[in-house]
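So you can see what is in the structure, the chains are spelled out below.
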Amino acid sequence: MKTPYEILEVAEHASDNEIKQAYLQKVKLNPPDCDHEKFQQIYSAYETVKNKPSREKYALFNFPEADFDALLEQAFSTAQTSSISADHFDQLLRASIGDKTFLIGGSKKQAHE
Amino acid sequence: MNEIIIGIDLGTTNSEVAIVENGQVLVIADNNKKILPSFVGIDDQGDILVGESARNQYLVYPERTVKSIKRLMGQDIQVNLAGHTYAPQEISAIILKRLKAIAEQHVRHPVNKAVITVPAYFSDAQRQATREAGKIAGLEVVRMINEPTAAALAYGGSQLEQKRMLVYDLGGGTFDVSVVNIEAGVVEVLSSHGDNHLGGDDFDQQIIEYILDHLQETQGVDARRHSKALARITRAAEHAKLVLSDEPYARIEEEYLLEHEGAAIHLSLELSRIDYEAMIEDSINATIDAVHIAMKGAKLTPADIDEIVLVGGSTRTPCIRERLFNEFGFEPHSEVDPDLCVAMGAAIQAAMIGGQEVSAVLVDVTPYTYGTSAIGYLNSDYYPFTYVPIIHKNTALPNRKTEAFVTNHDGQEVVNVTIYQGEDPDALNNIKIGEFLVEGLQNVEAGNVVTLTLSLDLNGMLHVSAQEKATGLEKSITIKNVIPRFEKDTLDTARHRINKLFRQNDALRAVVKNEAPEIVEARKLSAKAEALFDKVSNEDKEDMIELMENINSCIESGSNERVQEYTVKLADIIYYLES
Numbered sequence: 001m002k003t004p005y006e007i008l009e010v011a012e013h014a015s016d017n018e019i020k021q022a023y024l025q026k027v028k029l030n031p032p033d034c035d036h037e038k039f040q041q042i043y044s045a046y047e048t049v050k051n052k053p054s055r056e057k058y059a060l061f062n063f064p065e066a067d068f069d070a071l072l073e074q075a076f077s078t079a080q081t082s083s084i085s086a087d088h089f090d091q092l093l094r095a096s097i098g099d100k101t102f103l104i105g106g107s108k109k110q111a112h113e
Numbered sequence: 001m002n003e004i005i006i007g008i009d010l011g012t013t014n015s016e017v018a019i020v021e022n023g024q025v026l027v028i029a030d031n032n033k034k035i036l037p038s039f040v041g042i043d044d045q046g047d048i049l050v051g052e053s054a055r056n057q058y059l060v061y062p063e064r065t066v067k068s069i070k071r072l073m074g075q076d077i078q079v080n081l082a083g084h085t086y087a088p089q090e091i092s093a094i095i096l097k098r099l100k101a102i103a104e105q106h107v108r109h110p111v112n113k114a115v116i117t118v119p120a121y122f123s124d125a126q127r128q129a130t131r132e133a134g135k136i137a138g139l140e141v142v143r144m145i146n147e148p149t150a151a152a153l154a155y156g157g158s159q160l161e162q163k164r165m166l167v168y169d170l171g172g173g174t175f176d177v178s179v180v181n182i183e184a185g186v187v188e189v190l191s192s193h194g195d196n197h198l199g200g201d202d203f204d205q206q207i208i209e210y211i212l213d214h215l216q217e218t219q220g221v222d223a224r225r226h227s228k229a230l231a232r233i234t235r236a237a238e239h240a241k242l243v244l245s246d247e248p249y250a251r252i253e254e255e256y257l258l259e260h261e262g263a264a265i266h267l268s269l270e271l272s273r274i275d276y277e278a279m280i281e282d283s284i285n286a287t288i289d290a291v292h293i294a295m296k297g298a299k300l301t302p303a304d305i306d307e308i309v310l311v312g313g314s315t316r317t318p319c320i321r322e323r324l325f326n327e328f329g330f331e332p333h334s335e336v337d338p339d340l341c342v343a344m345g346a347a348i349q350a351a352m353i354g355g356q357e358v359s360a361v362l363v364d365v366t367p368y369t370y371g372t373s374a375i376g377y378l379n380s381d382y383y384p385f386t387y388v389p390i391i392h393k394n395t396a397l398p399n400r401k402t403e404a405f406v407t408n409h410d411g412q413e414v415v416n417v418t419i420y421q422g423e424d425p426d427a428l429n430n431i432k433i434g435e436f437l438v439e440g441l442q443n444v445e446a447g448n449v450v451t452l453t454l455s456l457d458l459n460g461m462l463h464v465s466a467q468e469k470a471t472g473l474e475k476s477i478t479i480k481n482v483i484p485r486f487e488k489d490t491l492d493t494a495r496h497r498i499n500k501l502f503r504q505n506d507a508l509r510a511v512v513k514n515e516a517p518e519i520v521e522a523r524k525l526s527a528k529a530e531a532l533f534d535k536v537s538n539e540d541k542e543d544m545i546e547l548m549e550n551i552n553s554c555i556e557s558g559s560n561e562r563v564q565e566y567t568v569k570l571a572d573i574i575y576y577l578e579s
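Residue numbers (the numbering used here), protein chains in the order written: chain A, 1 to 113; chain B, 1 to 579.
Any given hint might turn out to be false.
What the hints assert, rightly or not - Chain B is faced by these chain A residues, among others (derived, beta-carbon under 10 angstroms):
(1) Gln21
(2) Gln25
(3) Lys28
(4) Pro31
Treat the hints as calculated values from the structure; they're not laboratory data.
Cβ atoms here follow ideal geometry from the backbone N, Cα and C, with glycine treated the same way.
Generate coordinates for the entire structure from the input sequences, incorporating the hints supplied.
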């Protein structure tokens with residue numbers, strides 16, 4: 001199964017504009033009229049990674065780097081009180097996948113561009 | 001040579017046909033007129049009239065004339081035309097047949113294929129009906145494209161620079177707004193919204209009501225019951241609307257409108273642009289709201305828009321320009337004739353399909369969300385009709401999505417699948433567009449997986465299938481069962497019916513050839529008189545119509561002498577009018 005980046009033939013750290021240009025190029029070569037499936041594949045790849053929020057969502061739900069059992073263990077062992085808040089778990093989850101999201105969601109450098 | 005595909009704008013008020021010829025887009029003129037009024041009528045001899053001549057006779061014979069048929073497309077309705085009833089598809093087919101003939105006359109070659117434009121906000125049923133109209137007219141509709149998208153193609157298809165456009169399309173009966181991105185040779189619709197029952201006809205109606213109220217108040221007459229007077233009021237209202245696009249006031253004058261208790265009723269009043277704009281304010285507000293929805297759908301702000309393109313005759317209303325200027329801070333464009341750019345875009349798309357040029361690629365979206373209902377929770381309460389959206393609005397076409405559902409109880413052998421169009425979390429608040437049963441499921445515990453696939457084709461039409469995952473048992477439909485529709489044999493019958501109407505014309509022409517010279521002369525003059533209808537006063541027009549009627553009845557009864565008598569009178573009027 002190809003990743004959206006592979007379908008669009010762009011690097012995972014490509015900017016929004018690079019991704020968009022790659023998408024438009026692909027659409028020109030594969031117009032909706034010709035090969036419906038090919039077009040839809042390109043279109044959904046683009047929709048999946050076209051901007052930062054969508055790339056983060058994709059990183060979160062398609063690369064489940066997080067080991068939820070381990071996270072839970074960790075949550076239980078580090079929790080100061082007996083109850084674990086959703087916020088607490090959320091923090092742990094973010095911490096455990098942070099690197100990956102950071103990488104795919106676009107580097108800090110690009111955010112400043 | 002590639003097969004010719006024509007581009008057709010089948011409008012509520014006006015229709016046009018265009019082609020790409022030697023790389024140029026050409027709207028084909030018929031008798032020097034590029035615009036064919038979307039009127040269909042039957043004349044005294046049972047002869048079919050399309051366009052200008054039908055519009056002219058609307059004043060005198062409203063019962064034999066049909067206008068604005070597009071507003072009824074997709075509805076299970078019959079319209080009356082000279083004592084016969086027709087489906088909206090059949091009336092539209094008559095207009096299409098005329099456009100087809102205009103194109104054939106120009107290219108001197110039979111034409112069998114067309115791209116027809118439809119409002120972006122046309123529903124599935126309305127699109128289906130349009131395609132059927134094409135079939136009845138003997139045209140294979142190779143593609144239906146959305147009107148604002150066609151306009152964007154006409155405006156920017158060959159542009160190289162990146163540009164974001166807002167297309168504001170207000171026609172006679174429908175309103176669409178689309179946000180379009182043109183970049184790197186791709187014309188990409190980002191979002192689309194609209195109202196398929198809002199247009200210039202509604203503005204006319206406001207003025208008509210105003211006139212009717214005026215007559216009721218000042219003369220105590222209810223003109224609603226007089227079909228001829230009403231037809232004249234309709235025409236006067238339309239005229240006043242056009243005048244108000246350029247002038248601050250319009251006078252509405254109709255002498256001898258009707259007789260009431262032995263006295264002649266004359267209509268005379270003034271309408272100011274300010275009052276008119278107040279009448280249509282709600283409609284204009286609705287269009288501006290739709291603009292906001294489309295902008296939100298494209299996730300853009302007014303500052304992101306480079307250009308506004310106005311499409312449709314109703315955009316000549318000055319307050320629309322003002323409102324758009326206030327929203328966006330710059331003037332809208334209308335360099336390409338707002339009446340012609342849709343047909344031009346249709347021709348460009350037709351040329352692309354025909355393989356003539358590939359300078360731009362078109363990506364369009366669906367303005368609707370489609371989904372189904374399932375047992376679930378609504379506002380955290382158990383609810384059996386929770387809406388499950390499957391294809392979201394503003395998704396690019398074509399699109400195919402599959403969702404999995406599970407049976408609810410043990411031994412469930414039947415699943416009732418209902419398809420809705422809309423966004424409300426409560427399925428019952430959305431528009432139900434079709435339903436079907438998947439029967440003969442395995443006798444197993446609850447949790448049997450059934451997948452539902454929705455696929456939208458390039459024409460914006462929906463196909464649905466459901467499958468029991470374990471066995472592959474499948475059931476599929478194309479959504480078209482909302483209205484009792486034309487099956488193949490009824491389509492054929494309709495085609496024969498419409499062809500017969502046209503053949504009567506041909507037969508008549510054949511007869512004309514063997515007619516006595518005085519009759520030929522009378523017919524020529526009648527045609528000449530008809531051509532003058534638009535330029536003369538109503539009084540002169542009625543005189544001419546009366547003479548023409550007399551001529552016709554005399555021809556029928558074979559009294560050629562009296563034909564000559566009336567012909568002389570008619571010739572006098574024409575001479576007087578032309579001098």
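Hint check:
1. Gln21: This interface hint holds because 7 angstroms falls under the 10 angstroms limit.
2. Gln25: holds (7 angstroms)
3. Lys28: holds (5 angstroms)
4. Pro31: Check passed: Cβ of proline 31/A comes within 4 angstroms of chain B, closer than 10 angstroms.
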